[in-house]
Amino acid sequence: MPSGFMLACLLAFTLQIFFSLPPVSSDSLLPMISTFQGLIKLGEGVVNYPEDVAVDRNGVVYTATRDGWIMRLQNNGTWKNWKLIHSQTLLGITTTKEKNNLIVCDSDKGLLKVSENGVTVLASHVTGSKLRFANDVIEASDGSLYITVSSTKFAPKAYYLDLVEGEPHGQLLRYDPSSKQVSIVLEGLYFANGVALSKHGDFVVVCESWKCIKHWLKLGDKRDREIFIENLPGGPDNINLAPDGSFWISLIKMNSSAVETVHSSKNRKQLLEEHPELINQLMSTGKGAAAKVVKVSANGSIIREFNDPNAKNISFVTSALEFQGNLYLASINSNFIGKLPLK
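For reference, each letter of the sequence shown is one residue, going -26 to -1, 1 to 317 in mature numbering (1 follows the signal peptide of the UniProt record, and there is no 0).
Among the hints, erroneous ones may be present.
[Said to hold, decoys possible] DSSO-like, lysine-lysine: derived pairs with alpha carbons at most 30 angstroms apart: (1) K185 to K104; (2) K188 to K71; (3) K173 to K188; (4) K286 to K317.
[Claimed, not checked] Distance windows between CB atoms, simulated: (5) W190 to D150: 35 to 45 angstroms; (6) S89 to A132: 24 to 34 angstroms; (7) Q298 to S115: 19 to 29 angstroms; (8) H174 to S152: 18 to 28 angstroms.
Worth flagging that the hints you see were computed from the coordinates, not collected in a lab. From the three backbone atoms N, C-alpha and C, an ideal C-beta is built for every residue, glycine too.
Model the full assembly from the supplied sequences, consistent with the hints where possible.
So this is what it looks like as structure tokens:
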């Protein structure tokens, strides 16, 4: 049992977080706000906590589950267990255009290729070190793959420690299919998460803890990184290109003032490390966690939002992908893939 002093510390920590909610920013006032009403739950009870969703060139929808299955959606609306990867750490996925393979980020094994022939490890190391905590991946027009690494210091199970420390341990990597080598494109990223390629293939957007940055693939006179969008109404997770050249970004409800409070106090950091359950005071991740998705234009302006503050239809959306007039939604809290008609 914790001592009376520790209980007092826990109470004080919780109250300070509760009363330090961030003010509403004018940047968060969105021009078009919708709910997730009308959401269709595809394969409810069958899909086990999917983190991401992808569509191949033939229009087949895929997802990766927490129990290691790569599943694909059949024409009759049911899911099929396609390939089993013996892993519980599958995160971002994408498809390749030329060979129509599925690329999977396994935060333990590295970068995987999944095809009818089975599962192959494309990359497990970068510059001599183990490739760990690979989070998301996207293919560029030349066939190379851009991969985000959330943290080179902390494992996925201790992701909250990266948040608490508040130091930039993330990376953007590039896999060259010709040489089969991985190189470091960007370092010093704050918990690098989703990555997406622009419609014209001239830049990638990488989502960090509090903002998304733009990296030009042909630098010229441009800097290696610049702000794409900041002051988002939540912490950005995965990002996907929309058919019109804008981007869909899933957001996690976070208490920015509380995180700053933790960063500024060594004692509070230690308290959170010893009591990781307090992470829920910084970010809501449980079954009742709010779901939020925003659509951001190519110039970095929010143009639409979907919001479910009480998780009535879906909670804690981690990925949103537009395909044929529908928004496909993945959530690590759900046992289905959401399909939301865009009206």
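Pairwise hint evaluation, K104 against K185, where the allowed Cα distance is 30 angstroms at most
holds (27 angstroms)
Range hint compliance [Cβ, W190 to D150, 35 to 45 angstroms]
violated (18 angstroms)
Range first: 24 to 34 angstroms. Now tell me if the beta carbons of S89 and A132 are that far apart.
holds (33 angstroms)
When you check the alpha-carbon spacing of K173 and K188, does it fall within 30 angstroms?
holds (13 angstroms)
Between Q298 and S115, does the C-beta distance stay in 19 to 29 angstroms?
holds (23 angstroms)
The hint says 18 to 28 angstroms between H174 and S152; measuring C-beta to C-beta, is that right?
holds (23 angstroms)
Just to be careful, I want the Cα atoms of K286 and K317 compared with a cutoff of 30 angstroms; is the pair within it?
Distance ~20 angstroms between K286 and K317 Cα, so the pair holds.
Do the alpha carbons of K188 and K71 lie within 30 angstroms of each other, as the hint requires?
holds (23 angstroms)
Checked against the numbered hints above, the structure breaks only hint 5 and satisfies the rest.
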